Amino acid sequence: MAEKKVAIVGIGQTLHDVHPTRSWRSLLNEAVNKALTDAKITIDDVKAGYISMGSPEQHGQEHVAGMASWEIGMWPKGMIHCEDACASGTAALRAGWFTVLSGKADIVLVAGVDKNTDNINGWEAIGAHTDVEWEYTFGLAWGPLMALLKKLHMQRYGSTDEQWLMYPVVTHEYATKNPNCNQYGKKPMTLEEAKASPYLFGPAHMVELCPFTDGACAVVIATEEVARELTKKPVFIEHIAVGSDPQLLGNRWQWSDEGGLLEWRGEIEAANECYSKAGIKADDIDVVTVHDSGTCVSPVHLENIGIFKRGEAPKKIFEGETRIGGKCPCSTHGGMRWLGHPIGASGLNMVHELTLQLRGDAEKDKRQVPNAEFGMFSNEGSNGASMIVGILKRGG
Amino acid sequence: MPSVPEKICRMMLHSTVKAWRERDGRYRLQGVVCKDCGKKIFPAVQICPYCHSKNLEKTEFASTGKIVLSPEPLWYPLTGFQELLPQYTVMIELDDGPFVCAELVHYPPPAEFKEGTRVEMAFRKLKREDIGNYVYGFKFRIVE
Numbered sequence: 001m002a003e004k005k006v007a008i009v010g011i012g013q014t015l016h017d018v019h020p021t022r023s024w025r026s027l028l029n030e031a032v033n034k035a036l037t038d039a040k041i042t043i044d045d046v047k048a049g050y051i052s053m054g055s056p057e058q059h060g061q062e063h064v065a066g067m068a069s070w071e072i073g074m075w076p077k078g079m080i081h082c083e084d085a086c087a088s089g090t091a092a093l094r095a096g097w098f099t100v101l102s103g104k105a106d107i108v109l110v111a112g113v114d115k116n117t118d119n120i121n122g123w124e125a126i127g128a129h130t131d132v133e134w135e136y137t138f139g140l141a142w143g144p145l146m147a148l149l150k151k152l153h154m155q156r157y158g159s160t161d162e163q164w165l166m167y168p169v170v171t172h173e174y175a176t177k178n179p180n181c182n183q184y185g186k187k188p189m190t191l192e193e194a195k196a197s198p199y200l201f202g203p204a205h206m207v208e209l210c211p212f213t214d215g216a217c218a219v220v221i222a223t224e225e226v227a228r229e230l231t232k233k234p235v236f237i238e239h240i241a242v243g244s245d246p247q248l249l250g251n252r253w254q255w256s257d258e259g260g261l262l263e264w265r266g267e268i269e270a271a272n273e274c275y276s277k278a279g280i281k282a283d284d285i286d287v288v289t290v291h292d293s294g295t296c297v298s299p300v301h302l303e304n305i306g307i308f309k310r311g312e313a314p315k316k317i318f319e320g321e322t323r324i325g326g327k328c329p330c331s332t333h334g335g336m337r338w339l340g341h342p343i344g345a346s347g348l349n350m351v352h353e354l355t356l357q358l359r360g361d362a363e364k365d366k367r368q369v370p371n372a373e374f375g376m377f378s379n380e381g382s383n384g385a386s387m388i389v390g391i392l393k394r395g396g
Numbered sequence: 397m398p399s400v401p402e403k404i405c406r407m408m409l410h411s412t413v414k415a416w417r418e419r420d421g422r423y424r425l426q427g428v429v430c431k432d433c434g435k436k437i438f439p440a441v442q443i444c445p446y447c448h449s450k451n452l453e454k455t456e457f458a459s460t461g462k463i464v465l466s467p468e469p470l471w472y473p474l475t476g477f478q479e480l481l482p483q484y485t486v487m488i489e490l491d492d493g494p495f496v497c498a499e500l501v502h503y504p505p506p507a508e509f510k511e512g513t514r515v516e517m518a519f520r521k522l523k524r525e526d527i528g529n530y531v532y533g534f535k536f537r538i539v540e
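Those protein sequences? They're chains A and B, same order as listed.
Going by this note's numbering, the residue at position 57 of the first sequence is 57; the numbering climbs one at a time, nothing skipped.
Count along the second sequence from 1, then add 396; that gives the number in this note's numbering.
Same shape as in the complex, but just chain B (with noise of 0.2 Å):
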């Protein structure tokens, strides 16, 4: 009998597919614009939250911005999110408008940043998934 590893019963495994999809979102800031009321809106919606118009044109938000708001650095992150502590987490402002709250990628670490300092798009792994492929996504670093 040839041996055959154990498997592992687990409910849910997710499809590759599944990051896939959301590709152009994760990759390239790309959202939409309404062009009835001109709102900019990222991640991409298929109604306009503001006038509920379905008049919406994909666009690829700036790569770069600033910082808006910046709490202390996280050290208790979610699991399979640890590899890189502490965590700072902030709120951006793209230069073209629309807001993110993303992880903030600069090592070694700043010893202090302030709110108003610039950053740009850094594309980076997010997680591993639990059937072994890696998720990929925006994250953004200091601009020096």
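The following block holds chain A by itself, in its conformation from the complex (with noise of 0.2 Å):
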């Protein structure tokens, strides 16, 4: 029996920024208010609820669910949270996924936000997304895997500096077309300003780290029936796949003979199960997202997921690969680099450009990638323990 299709109906996205007089609910609300303006829908035809929060600590607020159904208004119905750190956005994506397409709902409501900001501390609540017994106990967290990756990179594969950098600068420049960002109307940042950019953790540079942001970002999704309703222009789920990877980095080099830093087992089983469903290769995806809070690891997820060569992603995105009219144009929102890194909504925020590409809707923005029928995501959970990826594909 042919599995159902589920598509993707509506979006909706705060502008993310730090924002000092709104709360996680004020986020909350406008996301999903557009979201459902956006599927032209209320929120009493939602049937059930998913919120990813991925850093519920920086405010302090656990059971979000709880407070987020009514603060929405989706109360007496319930919401569920699902936190799966970075990845957040895309775990409750698939878990709204399951259930359109287990006949239990269809139309699900799927959002997600985090204020970072709130915490004047938040570089070391995210810290609880390591191993907090063996990696944060030790005063290490996300400097040594960005640190350790870059370097065994340009050692193995002879990656220069300067190709790395390239990665936050393309995806400044369409940052500076997001009106979503607070980058947006700026003027493109070089790569001669990249480059003089201090260490943060070397090889790791400061313009390659994200900044702590506020924001949410809410998807509806639906069977194909009620899409087809709907709108004109769905885009369908064509799958999601979950993948792991040992957290601690001895585990990961142990379990590989070196390799594991870079050959990440669980995204490219994931990405492989999503090319096999989807019917199609790595060659056939128009558009990417993948994870960039620390864009020294984008190019290792470029490569992992199969858009590029073992090798190859500094060199490819240095020659303008990722970029409009490359080979597959990459994070055209800015990315969590540039438009911020609120946890629970980053996932989404990919999921968000993704549609907004298949629909042709980022024409408005001069951002459009032409003619994209075919969109990938890949959201990283913690240092690659938990991998998310998916495959979107343009209705019509």
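Misleading hints may appear alongside valid ones.
Claimed, not checked - Here are the simulated DSS-like pairs of lysine-lysine, each with C-alpha atoms no more than 27 Å apart in a straight line: (1) B/K450 / B/K436; (2) A/K151 / B/K510; (3) A/K151 / B/K462; (4) B/K462 / B/K435; (5) A/K77 / A/K34; (6) A/K47 / A/K34; (7) A/K195 / B/K435; (8) A/K177 / A/K77; (9) A/K47 / A/K4.
Stated by the list, open to error - Covered by chain B, according to a simulated footprint, are these stretches of chain A (three or more residues, beta-carbon under 8 Å): (10) 119-128; (11) 139-145; (12) 188-202; (13) 241-254.
Just so you know, these hints were derived from the structure itself, not from any lab.
All values derive from a computational prediction rather than experimental measurement.
Where a beta carbon is used, it is the ideal one built from N, C-alpha and C, also for glycine.
Put the two chains together into one complex, using the hints given.
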């Protein structure tokens, strides 16, 4: 029996910035209302809801699902909270996708939000996404992965610092064309400016790391039948797969005879599952969003999901292959580096951008990938201990 | 009325046993060896991730090894870990097999050290917890 199809019918996103006057509830409401409006439905039409918040410790509110249902008017219908570190948003989308596939609901709301700037010690709080007993307690968090990974790639494949720094340069240009990004309208950053950025975790530069940001994003998904009634431009979820790698870098190094820092088995297998289910190959992907809270990891994602050959991603990015007109434009919303990384919203931000691109709605902001049919996301939770990969397809 | 210091409201205060129960791994590099597939795993797990056997034996791994990868020193540590800067976080291969990503402590910091440099485990204070207790564990130092 052919698997049912599930479509994205509504998307909504707040401005991503520091929002000192607004709570997570306020941001969530805005994104949800925009998504419902976009889908031309009301909250009463929604049969089930999932909320992703990846870092509730930033403002101290656990059990956000219970609060959110009341706040967005879903009450007495409840929501379920999905937390998968930085991959929380796509984890929630996968749960929503399963719910529609199961036939238990024909319209599902998936909403993500985080309020990173409520915590003046935010860097420490997201350290809770590492192995707290064996990494965070030892003072290790994100720096070692980014630094070791980039250095290993440079040693093994001869990639250069300049090549790696082109990723934030390219995505900044996209960010200047995204009205929901606080870089909108600014002058694009040059490679020389990126090269002047100091090391944060050498050889990873400060310019390669995302800022703390507040924001929310929401997506409405529905059965194909409902989607055909609601919109002329549905975007279908072809598949969403989840993979995993050891959280501890030592374990990852050990299982793979040194390759594990660069060849992420969980991500590779999840991507292959997606290609198999969608019946396409990596070369068929027209636009991609990969995890780029640290852009010094993103080229490796592009290699793991097969967009570029092993060891070539930094060079290809430097040559312009992720710009519009290149082989595969990447993170055309500015990515997490420039849009920001409100953890729970970030995965859905990737889906939001791909939906815009596949609908052809990014044209108005002059960052449209022409005639995009297939979009792919690869969303990383923690050091890749959670990897959620999915393929979307333009409907018609 | 006796003067009582005003209490500070804190949502989370870790108990001391939380750190204490991890002492075997943190103080002595105790992990496990899978008696079915022979893999050496650190820190200890309850099921072998390679062959899924539960036939595991606790083992204290070598406290010596060599650096296999070392990035630039890190100047922006987590809060509570700023005492000794910069931090050198390196990948170490222990002499009997497992790999550990750990902080290198060697003061004054060496001007230059290369991959392949010999190291040994050093017992050090890791951090002070929010209730005031100290947490200890392994770091590594260069063997002269």
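To see whether the hints hold, each was checked on the structure:
1. B/K450 / B/K436: It holds: about 13 Å lies between the C-alpha atoms, which stays within 27 Å.
2. A/K151 / B/K510: holds, 14 Å
3. A/K151 / B/K462: holds, 18 Å
4. B/K462 / B/K435: Since the Cα atoms of B/K462 and B/K435 sit roughly 19 Å apart, the hinted pair holds (cutoff 27 Å).
5. A/K77 / A/K34: holds, 20 Å
6. A/K47 / A/K34: Roughly 18 Å separates the two Cα atoms, so the pair holds.
7. A/K195 / B/K435: Violated: A/K195 and B/K435 sit about 43 Å apart, past 27 Å.
8. A/K177 / A/K77: violated, 38 Å
9. A/K47 / A/K4: Between A/K47 and A/K4 the Cα gap is close to 18 Å, so the pair holds against 27 Å.
10. 119-128: It holds: at least three residues are needed, and the segment 119-128 of chain A offers 4 whose Cβ sits within less than 8 Å of chain B.
11. 139-145: holds (count 5)
12. 188-202: It holds: at least three residues are needed, and the segment 188-202 of chain A offers 4 whose Cβ sits within less than 8 Å of chain B.
13. 241-254: holds (count 7)
Consistency note: the structure conflicts with the earlier hints numbered 7 and 8.
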